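K.L.:
Note that the protein sequences, when read in sequence, are chains A and B. Each residue of the first sequence is one higher than the one before, starting from 1 at the first, in the UniProt record's numbering. Each residue of the second sequence is one higher than the one before, starting from 1 at the first, in the UniProt record's numbering.
Hints are computed from structural coordinates only; laboratory data are not their basis. Fair warning: this is a prediction, and the values are worked out from it, not measured in the lab. Treat each hint with caution, since some may be false.
The calculated lysine-lysine pairs, modelled on DSS-like cross-linking and capped at a C-alpha distance of 27 Å, are [said to hold, decoys possible]:
| hint | chain 1 | residue 1 | chain 2 | residue 2 |
| --- | --- | --- | --- | --- |
| 1 | A | K309 | B | K119 |
| 2 | B | K331 | B | K280 |
| 3 | B | K67 | B | K39 |
| 4 | A | K195 | B | K309 |
| 5 | B | K195 | A | K309 |
Protein chains: 2
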Amino acid sequence: MGLHLRVLGVCDSRSILVANDIFTAELGDSSLHAVCRVKSSGVSLSASSDGFGGDCQVLSDSEAPRKVVDIAGLLGRSTGLVVVDCSASPETVEVLKDVIDHGCCIVLANKKPLTTEMKDYEKLLSNIRRIRYESTPTSLCWETGYIDDIVQVGAGLPVISSINRVLTSGDPISRIVGSLSGTLGYVMSEVEDGKPFSQVVRAAKCLGYTEPDPRDDLSGMDVARKALILARLLGSQLDLSDIKVESLYPDEMGSTAMSTEDFLQDGLASLDVGMAERIKVAASNGCVLRYVCVVEGPRCQVGLQELPKDSPLGRLRGSDNVVEIYSRCYKDSPLVIQGAGAGNDTTAAGVLADMVDIQDLFK
Amino acid sequence: MGLHLRVLGVCDSRSILVANDIFTAELGDSSLHAVCRVKSSGVSLSASSDGFGGDCQVLSDSEAPRKVVDIAGLLGRSTGLVVVDCSASPETVEVLKDVIDHGCCIVLANKKPLTTEMKDYEKLLSNIRRIRYESTPTSLCWETGYIDDIVQVGAGLPVISSINRVLTSGDPISRIVGSLSGTLGYVMSEVEDGKPFSQVVRAAKCLGYTEPDPRDDLSGMDVARKALILARLLGSQLDLSDIKVESLYPDEMGSTAMSTEDFLQDGLASLDVGMAERIKVAASNGCVLRYVCVVEGPRCQVGLQELPKDSPLGRLRGSDNVVEIYSRCYKDSPLVIQGAGAGNDTTAAGVLADMVDIQDLFK
Numbered sequence: 001m002g003l004h005l006r007v008l009g010v011c012d013s014r015s016i017l018v019a020n021d022i023f024t025a026e027l028g029d030s031s032l033h034a035v036c037r038v039k040s041s042g043v044s045l046s047a048s049s050d051g052f053g054g055d056c057q058v059l060s061d062s063e064a065p066r067k068v069v070d071i072a073g074l075l076g077r078s079t080g081l082v083v084v085d086c087s088a089s090p091e092t093v094e095v096l097k098d099v100i101d102h103g104c105c106i107v108l109a110n111k112k113p114l115t116t117e118m119k120d121y122e123k124l125l126s127n128i129r130r131i132r133y134e135s136t137p138t139s140l141c142w143e144t145g146y147i148d149d150i151v152q153v154g155a156g157l158p159v160i161s162s163i164n165r166v167l168t169s170g171d172p173i174s175r176i177v178g179s180l181s182g183t184l185g186y187v188m189s190e191v192e193d194g195k196p197f198s199q200v201v202r203a204a205k206c207l208g209y210t211e212p213d214p215r216d217d218l219s220g221m222d223v224a225r226k227a228l229i230l231a232r233l234l235g236s237q238l239d240l241s242d243i244k245v246e247s248l249y250p251d252e253m254g255s256t257a258m259s260t261e262d263f264l265q266d267g268l269a270s271l272d273v274g275m276a277e278r279i280k281v282a283a284s285n286g287c288v289l290r291y292v293c294v295v296e297g298p299r300c301q302v303g304l305q306e307l308p309k310d311s312p313l314g315r316l317r318g319s320d321n322v323v324e325i326y327s328r329c330y331k332d333s334p335l336v337i338q339g340a341g342a343g344n345d346t347t348a349a350g351v352l353a354d355m356v357d358i359q360d361l362f363k
Numbered sequence: 001m002g003l004h005l006r007v008l009g010v011c012d013s014r015s016i017l018v019a020n021d022i023f024t025a026e027l028g029d030s031s032l033h034a035v036c037r038v039k040s041s042g043v044s045l046s047a048s049s050d051g052f053g054g055d056c057q058v059l060s061d062s063e064a065p066r067k068v069v070d071i072a073g074l075l076g077r078s079t080g081l082v083v084v085d086c087s088a089s090p091e092t093v094e095v096l097k098d099v100i101d102h103g104c105c106i107v108l109a110n111k112k113p114l115t116t117e118m119k120d121y122e123k124l125l126s127n128i129r130r131i132r133y134e135s136t137p138t139s140l141c142w143e144t145g146y147i148d149d150i151v152q153v154g155a156g157l158p159v160i161s162s163i164n165r166v167l168t169s170g171d172p173i174s175r176i177v178g179s180l181s182g183t184l185g186y187v188m189s190e191v192e193d194g195k196p197f198s199q200v201v202r203a204a205k206c207l208g209y210t211e212p213d214p215r216d217d218l219s220g221m222d223v224a225r226k227a228l229i230l231a232r233l234l235g236s237q238l239d240l241s242d243i244k245v246e247s248l249y250p251d252e253m254g255s256t257a258m259s260t261e262d263f264l265q266d267g268l269a270s271l272d273v274g275m276a277e278r279i280k281v282a283a284s285n286g287c288v289l290r291y292v293c294v295v296e297g298p299r300c301q302v303g304l305q306e307l308p309k310d311s312p313l314g315r316l317r318g319s320d321n322v323v324e325i326y327s328r329c330y331k332d333s334p335l336v337i338q339g340a341g342a343g344n345d346t347t348a349a350g351v352l353a354d355m356v357d358i359q360d361l362f363k
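Isolated chain A, as found in the complex:
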């Protein structure tokens, strides 16, 4: 495509590797390969004894975020500089707000900055042309991440851009229903086939489909963040705490009351009968059980729903994500977007597409 991406810096949670001359130089392939080696070994860039090449330097602690903001101030308004947040941290929001103040563009795979306080959201979206976050609503996220900044994975289904397109065309969206967790999609389609809930969750963990503690998926909070991003996109002034979230395990099995091991060995099994019963009830109504988000007017909720077998969501199998968008034009038959919802490749692809898309501002 004749595209050249000039990488000025790479951050982890404690440091930044940055080109010495930000106006003309860049981190070359050898420096970037060195970064990958260091991070794969679980070490902070600032703690690495590896060299990254002579044309760049490592800054750490408070110097790192300040450097990002400085560069944004120097290059952000006039060049196609993009600050990309692929972390899973709520702590990046202050840097992102400063960067936005400088008129710089941002691309997020990280859901946290968009799902904390409404005033932060409004600030980040204050120049809607300078932000893209297509990888946030259909991504799967491991938050424990010792490889901190490289662990966020997810997909770039064109959900945000499609919703924006519908809204831009003056077609009001009345309702969004989605299955936004590949993990819970997999779990619900396996239990539908008659397998015990506990067995399915344990298998999903073995296959690497869940977070290290599967309760981080089963709580529904990750889906709630995705739902909140969609609700706010439609203009809702909601906070995360306003969303009704159904957890797939009871409070007394929470992480403060029970270790991950105990939950997997004992806790989970006690949920099998209840889940099997709910599936039986759904089936007797000609329905299947799906873990979905529903955004409708000021209402936003996340949890299990009985859905007709022959609806796009009811037909869903495996770990695909599906989003149904209902509007004036898509009234009886929704606009449906479906596809794989997780994977390093797809997140990287989604973030890259966002970065290129934003370059129209700097033709």
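Here the structure of chain A is known, so what remains is to put chain B in place on it, guided by the hints.
P.N.:
Only chain B this time, still in chain A's reference frame:
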């Protein structure tokens, strides 16, 4: 959205109504309402005795296209001026190429300019940031149109933008399969229910789902144009004549050999047995028959295919459009986009979204 669209001119096939002062003035609501009244009565703007207001004038014949190109030359490069082609005519391509030469943006709902000669396509796409044509691949088009420029209808499913996004992210697309005709989608799902082909086509005509001569739908040529737009987007150097197109009626029932009335009364009925037979064969293979386009590498074909009942295309009912996109990231499970594929509202919405989208170039 704080958006103000300044309409400088409106064309029909023989004339243009244009603001006198293109630098500051615009066609106001009263002028535009007058245009709608005149065109609804089937009269050319230049032949109308109605006044359109004092701040605009009507130019006709060769003056009209020249005026469009002149305005593009004056405003196209530096402002967000967009020339929009909602006609169904192959004749607009020369004006569009001139306009592109001036660095002006274009938005097309008209498939013709993109599906004639490859060199025209390349010219129109020579600045890919300055063209949008999201309404072309999933639109239904009446070509006979006595209300010439207002008859093109179709939808804006986010197909082009999604394909561009996947390509931009460096994810190569291997295959696109789509049901791109709401009319043929409706026909095939009705005959699947056991109704005779002839009866279904006649009913579709009565309901206004087909063109005045239903053979314009049944020939598959409209779908072939849509397929060609997708194939060219993937880099194919194909022409329309390279596409293998299956017509749903034999050559001897073509419009040169048989009137529309004869075709509807006699010709159609003779096709019932053959269609019923094919559906029976498909069903015995656990499949349903769908009229689809397949774009795969340098190959592009359009026609009836037996598809598994439980695939996104096999499950399709009614007049929805569906597009399945297979790539490296979407390998086993495609990216699927589905929704209503026709309607004045949805075309208007699609064109408007394209016009707004392109404004990022002129922030």
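K.L.:
Decide, hint by hint, whether the structure agrees.
P.N.:
The hints, checked one at a time:
1. A:K309 to B:K119: violated, 48 Å
2. B:K331 to B:K280: violated, 31 Å
3. B:K67 to B:K39: Roughly 20 Å between the alpha carbons, so the hint for K67 (chain B) and K39 (chain B) holds.
4. A:K195 to B:K309: holds, 25 Å
5. B:K195 to A:K309: Distance ~25 Å between K195 (chain B) and K309 (chain A) Cα, so the pair holds.
The structure does not agree with the numbered hints 1, 2 stated previously, though it agrees with the rest.
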